[in-house]
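Engineer: Chains as they are written, first to last, in our numbering: chain H, 1 to 334; chain X, 1 to 284.
None of these hints come from the bench; they were simulated from the model. Note that the Cβ used here is the ideal one computed from N, Cα and C, for glycine as well. Please note: incorrect hints may appear among the correct ones.
[What the hints assert, rightly or not] So these bits of chain X aren't anywhere near chain H, every CB distance computed over 10 angstroms:
hint, residue
1, 39
2, 53
3, 88
4, 116
5, 169
6, 177
[As the list claims (entries may be wrong)] Simulated restraints, written as ranges between beta carbons of each label pair:
hint, chain 1, residue 1, chain 2, residue 2, range
7, X, 142, H, 20, 38 to 46 angstroms
8, H, 145, X, 50, 41 to 49 angstroms
9, H, 142, X, 180, 56 to 64 angstroms
10, X, 190, H, 11, 39 to 47 angstroms
11, X, 35, H, 129, 41 to 49 angstroms
12, H, 255, X, 42, 51 to 59 angstroms
13, H, 247, X, 56, 51 to 59 angstroms
14, X, 35, H, 175, 35 to 43 angstroms
15, H, 60, X, 157, 48 to 56 angstroms
16, X, 33, H, 20, 49 to 57 angstroms
17, H, 251, X, 227, 47 to 55 angstroms
18, H, 75, X, 157, 28 to 36 angstroms
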Amino acid sequence: MSPRGARADTAGVARFLAVRLLRFATLLAGVSVLAFALVLNSPVDPIQAYIGADVNISDEQLARLREYWGLDGSPVERYFAWASAMAEGNLGVSTLYKAPVAAVIGERFWASFALMGAAWMFSGVIGYALGVVAAFHRGRLADRIITGYSYALSSTPAFWLGIVFLAVFAVWLGWFPVGLAGPHGVPAEEVTLTQRLRHFALPVATLSLIGVANIAMHTRERMTDVLHSDYVLFARARGELNRSVFWNHGLRNSIVPAITLQFAYFAELFGGSVLAETVFSYPGLGSTLTAAALGGDVPLLLGIVLISSAFVFAGNTVADLINAAIDPRVRTSP
Amino acid sequence: MSAVTIPVTATDARRRPGALALSLAGTGALVAAIAAGSVLLDGAGLTSNIASRLLPPSLEHPFGTDHLGRDMFTRVVKGLALSMGIGLLTALLSTVVSGILGIAAALAARWFDNAISWLIDLFIGIPHLIFMILIAFTVGGGIPGIVLGIATTHWMALALLVRADTKQLRDAGFVKVSRGLGKSPLFIARKHLLPLAFPQLMVGFVLMFPHVVLHEAALTFLGFGFSPQTPAIGILLSEGMPHILSGNWWLAAFPGLTLLLTVLSFARLGDRLRSRLDPRIPIG
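Just chain X, same shape as in the assembly:
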């Protein structure tokens, strides 16, 4: 990331003050709607009904039905809820790893810092999807494979940021005083550095979320995620492939577009939070 200060431009001047609140409200509403929908919609839409196979979208089935007559709307909402649950868990795990390694690397001895930076290079270098497939293969797919695979491939960028921030604070007056008073590095990390790194970690978490959700869908699509009965977006799409290719467009359009919208709203929220945190970074 460049540390260059970008001058105020026309776009920045016109930056709407309410944009962050609006983005927050929109994303919150979306999450609430998906969560509520997934609880309220009963299992009826998930049972197959041969009489209503491959129906195009209608009032009764807003997203149409699939090749077994299941209601696509129910399946998509349940799939998005599942994606978000997995995303939350994975992004949280990854953020915790970033925070611990980032702060530890900045505080610890030079060899440890070098080891962490080598580890970061290693994980940046391995093609992520390929590594996730390897993990899913080892763990045997399912939720553990997905969470572990995605969490271990997403902590690097944030860890680098936290490390850089912490290094700047390492020699700050209050840290020196604390050290002079005989406080342990663990105490300094927990009481002084973690609270200051927290906003960065929070933004990192929100920005990580979209990547995590996209990777979960990709892994599931390739067949490394959930069992075929689970309504996950990746499974809906891989299952629907033959029928999409015979012209049933709604099987592709709705799962994909809703996933895109969910991911996009989180990505925008993350960008706005980041630019609030660091005004030098302009929003897109």
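With the rest of the complex left out, here is chain H:
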């Protein structure tokens, strides 16, 4: 590449990055407006709920707090009062847990992170492998089984799969405990790694299995394209067998779309984890979200909505960046 071309390319990348980051910021602002507007129209007042946790509050303090939060202002003023508190990291106090929202979320974040991270890895690897096998055997028995299985999975209610796993593996076979992150009544510090893993297995299995279908079917399509390309035809003419066709051509032409797809899958992953965590009473963000919404805990609800949306937008942005890094056409198109 000529130096001039390289410079133009760098400028293009910088512009692309700036546009993507700006979009990320506006989307996050959009979610906060949307969420705030929705909660404002709900039976519970969002700012009233911040002080709801504290009952021993004098009228004078209440009046000062109302003034501080701008409770008597217009919805727009109230939004900005709330948003600036959010931006400073003050997420308010959870009415359900009587603790700062940031602390409640922080406590449960890692449990959810481990669950979703493991499911994300497993579903990605297994789904990709199944997609590759299906494409190489397109139209034959292995393909039919994998395709049928993916179709059935994508029509399976995630929470029902969790219930089936519980009924079969925990109740009937007794291989795994019924729920929670550790044995009941044992302090968190004393739970051993093996116990933790045993409690972790079924929720992860549920969430991973649900995620397999999407990536398997997309990889199958992509790999079929690759296998019908002229360069693979030429490789086969040279005498390359399936194994080397895969390592030399198939993998590098299909792994990036698969990874991109997995990053774009964050939104579904969050939804699935809400259901899996609720079924298995797993103490993560998902089950806490359900509890917050059912219990009218507005600050906690808003906090989790914002955090999870930020995660999904970040995932989508990473997917865009990977796409752009690999395929220059994405970068240069406006």
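Got chain H sorted already, so can you dock chain X onto it with the hints?
Structural biologist: Then chain X, alone, in the frame of chain H:
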């Protein structure tokens, strides 16, 4: 969605010509059976009867009975009918939104198109289930919460397709002539573009239906849908949880499997309709 033309493969060559008709007939029969069953089955199965608590499946109770002695078959059929009704309403609403926004984005000024695409990004980014929970929280659960929550989170993919299709037609000869004759954009959208977008919208509607039904069941299961007395699949399962965990497998198996079959048959029908509409897209 990739625009790559996929070459004819062994599977495509063996594609059975009657597959679409078969799928249509099967799904139609299923819908008819559920609708008829929900009308014909009287309320007797829904009243509790302590004498027949937690009976395993038998000839009298094909799907067994629950912890209050209610007939699970009646409850499942009524639940599926409810799911389909909600699904129909929600998918229709969502399809209308997709059509209007998709065509409007393609026809209107660039800033409007950008605004729509930002909105699409926004709604794609919000985790759907979490947003639905937020809506259900605001609206206060029940049918309005479910319909509104699911409809607002399912229009994006179809709107993108309609927008892309309409953009290709925007500069077609007949549209130019119509514009030259002084017809308004609304007239062009209604008389020229909507009829052409209709097949796409119809397929989108059928493909949306399974997602809608699954999300309704999930929301109901989490406790944001109907009142506990309503026989909805999500409620049957959440109510049955403690009893499923003590070994009454039929409480989990039948509601889940019938829902899976219903959803699957609609998903397959949608795929076959789509591949009929656009032969480049292979069926699975």
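Engineer: Each hint: holds or not?
Structural biologist: Consistency of the hints with the structure:
Its beta-carbon lying about 25 angstroms from the closest one in chain H, residue 39 of chain X satisfies the requirement of being farther than 10 angstroms from that chain. The claim that residue 53 of chain X is not at the interface with chain H holds, since no C-beta of that chain comes within 10 angstroms of its own (minimum 19 angstroms). The beta carbon of residue 88 of chain X is kept farther than 10 angstroms from every beta carbon of chain H, the shortest such distance being approximately 18 angstroms. No Cβ of chain H comes within 10 angstroms of the Cβ of residue 116 of chain X; the nearest lies about 13 angstroms off, and the non-interface call holds.
The Cβ of residue 169 of chain X sits about 21 angstroms from the closest Cβ of chain H, beyond the 10 angstroms cut-off, so the non-interface label holds. Residue 177 of chain X, annotated as away from the interface, keeps every beta carbon of chain H farther than 10 angstroms; the closest lies near 30 angstroms. For the pair residue 142 of chain X and residue 20 of chain H, the supplied restraint of 38 to 46 angstroms holds, since their beta-carbon distance comes to about 40 angstroms. One distance hint, 41 to 49 angstroms for the beta-carbon pair residue 145 of chain H and residue 50 of chain X, holds here, with the actual separation near 46 angstroms.
A hinted range of 56 to 64 angstroms for the beta carbons of residue 142 of chain H and residue 180 of chain X is consistent with their spacing of about 57 angstroms. Checked against the given bound of 39 to 47 angstroms, the beta carbons of residue 190 of chain X and residue 11 of chain H, roughly 44 angstroms apart, stay inside it. For the pair residue 35 of chain X and residue 129 of chain H, the beta carbons lie near 42 angstroms from each other, so the given range of 41 to 49 angstroms is met. A beta carbon spacing of about 58 angstroms between residue 255 of chain H and residue 42 of chain X agrees with the range 51 to 59 angstroms that was offered as a hint.
With their beta carbons about 53 angstroms apart, residue 247 of chain H and residue 56 of chain X fall inside the hinted range of 51 to 59 angstroms. Taking 35 to 43 angstroms as the suggested C-beta distance range, the pair residue 35 of chain X and residue 175 of chain H conforms, at roughly 42 angstroms. Restraint check, residue 60 of chain H to residue 157 of chain X: a C-beta distance of roughly 54 angstroms satisfies the suggested window 48 to 56 angstroms. Hint check: residue 33 of chain X to residue 20 of chain H, Cβ distance near 50 angstroms, so the stated range 49 to 57 angstroms holds.
A C-beta distance of roughly 53 angstroms is found between residue 251 of chain H and residue 227 of chain X, which places it inside the suggested range of 47 to 55 angstroms. Checking the proposed 28 to 36 angstroms range against residue 75 of chain H and residue 157 of chain X shows it holds: the Cβ atoms sit about 32 angstroms from each other.
Hint check: no violations occur; every hint is consistent with the structure.
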